[in-house]
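K.L.:
Which chain is which? The protein sequence lines are Z and Y, in order. The numbering of the first sequence is my numbering, which starts it at 240 and goes up by one. The numbering of the second sequence is my numbering, which starts it at 240 and goes up by one.
Be a bit skeptical, because a hint or two may be false.
Stated by the list, open to error - Estimated spans, in silico, between C-beta atoms of each pair:
1. Y:D580 x Z:D373: 45 to 53 Å
2. Y:M240 x Z:G581: 15 to 23 Å
3. Y:T593 x Z:M357: 29 to 37 Å
4. Z:G581 x Y:L356: 47 to 55 Å
5. Z:S513 x Y:P552: 18 to 26 Å
6. Y:G575 x Z:G581: 57 to 65 Å
7. Z:E330 x Y:A443: 48 to 56 Å
8. Y:A365 x Z:G581: 30 to 38 Å
9. Y:E475 x Z:G575: 38 to 46 Å
10. Y:P552 x Z:E319: 45 to 53 Å
11. Z:E319 x Y:A599: 12 to 20 Å
12. Y:E475 x Z:E319: 25 to 33 Å
13. Y:A362 x Z:P283: 54 to 62 Å
It is worth saying that the hints were derived from the structure and are not from the lab. Even glycine gets a Cβ: it sits at the ideal position worked out from N, Cα and C.
2 protein chains.
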Amino acid sequence: MSVTAPAGFTASGITAGIKDSGKPDLALVVNTGPEFVAAAVTTPNRFCAAPVYLTREVAEGGRAKAVVLNSGGANACTGERGMDDAYAMAEQTAAQVGCEPGEVMVCSTGLIGAFLLMDIVTAGIAQAAYALSDSGGEDAAVAIMTTDTVPKTAQVSTAGFTVGGMSKGAGMLNPAMATMLAVITTDAAVSVEVAQRALQAGVAVSFNRMDSDGCQSTNDTVILLANGASGVSASEADLTAAVTEVCTSLTKQMLADAEGASHTIAVTVSGAASEAAAEAAARTVTSSNLFKAAIFGGDPNWGRILSALGTLPEDECPYDREAVSVAMNGTPIFAGGAPQDGASSVDLSAHDVTVDIDLAAGEACVTVWTNDLTHDYVEENSAYST
Amino acid sequence: MSVTAPAGFTASGITAGIKDSGKPDLALVVNTGPEFVAAAVTTPNRFCAAPVYLTREVAEGGRAKAVVLNSGGANACTGERGMDDAYAMAEQTAAQVGCEPGEVMVCSTGLIGAFLLMDIVTAGIAQAAYALSDSGGEDAAVAIMTTDTVPKTAQVSTAGFTVGGMSKGAGMLNPAMATMLAVITTDAAVSVEVAQRALQAGVAVSFNRMDSDGCQSTNDTVILLANGASGVSASEADLTAAVTEVCTSLTKQMLADAEGASHTIAVTVSGAASEAAAEAAARTVTSSNLFKAAIFGGDPNWGRILSALGTLPEDECPYDREAVSVAMNGTPIFAGGAPQDGASSVDLSAHDVTVDIDLAAGEACVTVWTNDLTHDYVEENSAYST
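So here's chain Z without its partners, still in its complex pose (with noise of 0.2 Å):
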């Protein structure tokens, strides 16, 4: 499982004291060849953290060896000494692994603004080069995580290669991409470009329509590994597939792991115009904070989704409001402008529920994924630096 399933990938995960908690904190993921293919997916935040800055150069050249990740801080908004101390880092692993300071891609996640004690990162990584082994993925998981409750691991096996991953992120996942780190792994041999290509493709439909609280990190980074170890040339559609497959399965484990959440909704805005408008439609109704109040208190109080997509401008998205139709949880609960019989008997007891719009002016289809807003919410979030 996670990303030492497929074949000439290590990886450790252990506690190097960055965290108060004495919890596991750093991780690294190492290729070992025979090819080193690597492609990454990084946050448009413009305050992006320092090693955003640096894997982004290293995923330019499209070849790294290994990847170093701390939870326990994020390097965000440090100015030059962050930069100065992500480089470092990259440079420690180096010389732990044997590679070149440029073969290494470099992840961090935690509070913003707070500088790294490079000291206990140092002496982290040694222990952690120290630790890796062939069926270290699961302890990688477990070390980047931050409010997360459980590790995220993922893999598939198809067409003679095998794809594996790990996610961490439980909130601040936002319309753009979620805040998350993911590692993911493949034995199949691929281009530097269509590793590229696949990656972007997977992201697109599963940790990019996930909407937890509309916010967007500075930190999200989603990185590929590929060496050819399987001795498989994958074809592009083959990598897609299963990368889709793998990023899906964390996206959905992070959701249902999201900081106080107690339902998962399924928002699927069908009839659409074109995939943007479908997609505009349906993040309009995740990101209501309203709405998601509502589904926390059992209460369908569906108002609240036609007001929300009472919201997007007509050119945005195209619809007839008397031709729109809503069901919550296979209900019919709005149709031709007017309340459906049923509409406030809904049952919202189960932890899963689906909203279903159609808005019969196209044939676009698309669903986001969000949680609802609860107490618990409120209370991770608003004691998390403190």
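With chain Z fixed as given, assemble chain Y onto it according to the hints.
P.N.:
Frame of chain Z, contents of chain Y only:
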């Protein structure tokens, strides 16, 4: 005070029985002349309520003698029957106060998607007409409350004329316009064109700069009635100033009473390339659940301010991240791309919190107000319809 502060207006607020609680739920505001100028600003929501259509129609003619308002039901997403009910309210009000149905504006607020019980509404309109008095402004302000805990009223006397107003709204305050109903009255003599422009200008910098929970209502309506009873012709500048002052006072009262809020937060963005850029930057912060939950927790987790700012596209809001500086409650927390001393020790115990962001990219400055995200917000909004 309230809508009966200017000469030539009567008002009332009574219990019709629309609300189960027995609290006041129906209000009338009547313009006794000699002039009957009317203007309105209404929600851009595409699923706007039946009374919003009716009120827009009346406002296009620029003439109204009465406004009837009910709480306890929004008459939104109610189809043809909802439109018939809104017109019936106008007809019954016209019959009671002695004017044409086309001279009556209608406002409704409450749960979306439920039909009004028209027998109760009809009897209530008769009762409210009987109760009309030139000191009825306070009763009217009470009768339009939903989850508000206090009525909101304001008045300004200047340059020989008076402007009075009332509003309701404590949640669903939004990026385009707050959920809210407001009626502003004045005894100044002004043209329809001046009234409409003054109202738009006042709303733009008050109600439209309040973002409580990012949600936009189906029923938002702000009405201005002017009758010239003071005998004074107001200049456009004087009227605009007075209307803006009343709208701003009502805005601050609504924020202070926002559902479940324990802090009022003023986010001021200066040094922006344009007013639109400044407003976009401020709104990206006021709409961050993570930031708002941190303020509730008294936690100066300022990284969430920068992470929100970072989501703005560069063409929408240009800035150089090394030049951006941020202060909370007057304490510098971020400058030159790095945290400042004292960033983690900002005291957030007072009710009012200020966030000052200098983008160092121009001269424009905008303040947007919001409130914190609290347990009480989740509680009130998870159990609103049931």
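K.L.:
Hint by hint, say whether it matches the structure.
P.N.:
Hints versus structure:
1. Hint check: D580 (chain Y) to D373 (chain Z), Cβ distance near 46 Å, so the stated range 45 to 53 Å holds.
2. At roughly 46 Å, the beta-carbon separation of M240 (chain Y) and G581 (chain Z) lies outside the given 15 to 23 Å, and the hint is violated.
3. Restraint check, T593 (chain Y) to M357 (chain Z): a C-beta distance of roughly 35 Å satisfies the suggested window 29 to 37 Å.
4. For the hinted restraint 47 to 55 Å between G581 (chain Z) and L356 (chain Y), the CB-CB distance of approximately 20 Å leaves it violated.
5. At about 20 Å, the CB distance of S513 (chain Z) to P552 (chain Y) agrees with the hint of 18 to 26 Å.
6. The hint said 57 to 65 Å for the Cβ distance between G575 (chain Y) and G581 (chain Z), and at roughly 59 Å that hint holds.
7. E330 (chain Z) and A443 (chain Y) have their C-beta atoms about 54 Å apart, which keeps the hinted 48 to 56 Å range intact.
8. Our hint of 30 to 38 Å for A365 (chain Y) and G581 (chain Z) holds, since their Cβ atoms are close to 35 Å apart.
9. Against the hinted window of 38 to 46 Å, the Cβ-Cβ separation of E475 (chain Y) and G575 (chain Z) comes to about 45 Å, which satisfies the hint.
10. In this structure, P552 (chain Y) and E319 (chain Z) break the distance hint of 45 to 53 Å, their C-beta atoms being roughly 26 Å apart.
11. In this structure, E319 (chain Z) and A599 (chain Y) meet the distance hint of 12 to 20 Å, their C-beta atoms being roughly 18 Å apart.
12. For E475 (chain Y) paired with E319 (chain Z), a C-beta distance near 53 Å fails the hint of 25 to 33 Å.
13. At roughly 57 Å, the beta-carbon separation of A362 (chain Y) and P283 (chain Z) lies within the given 54 to 62 Å, and the hint holds.
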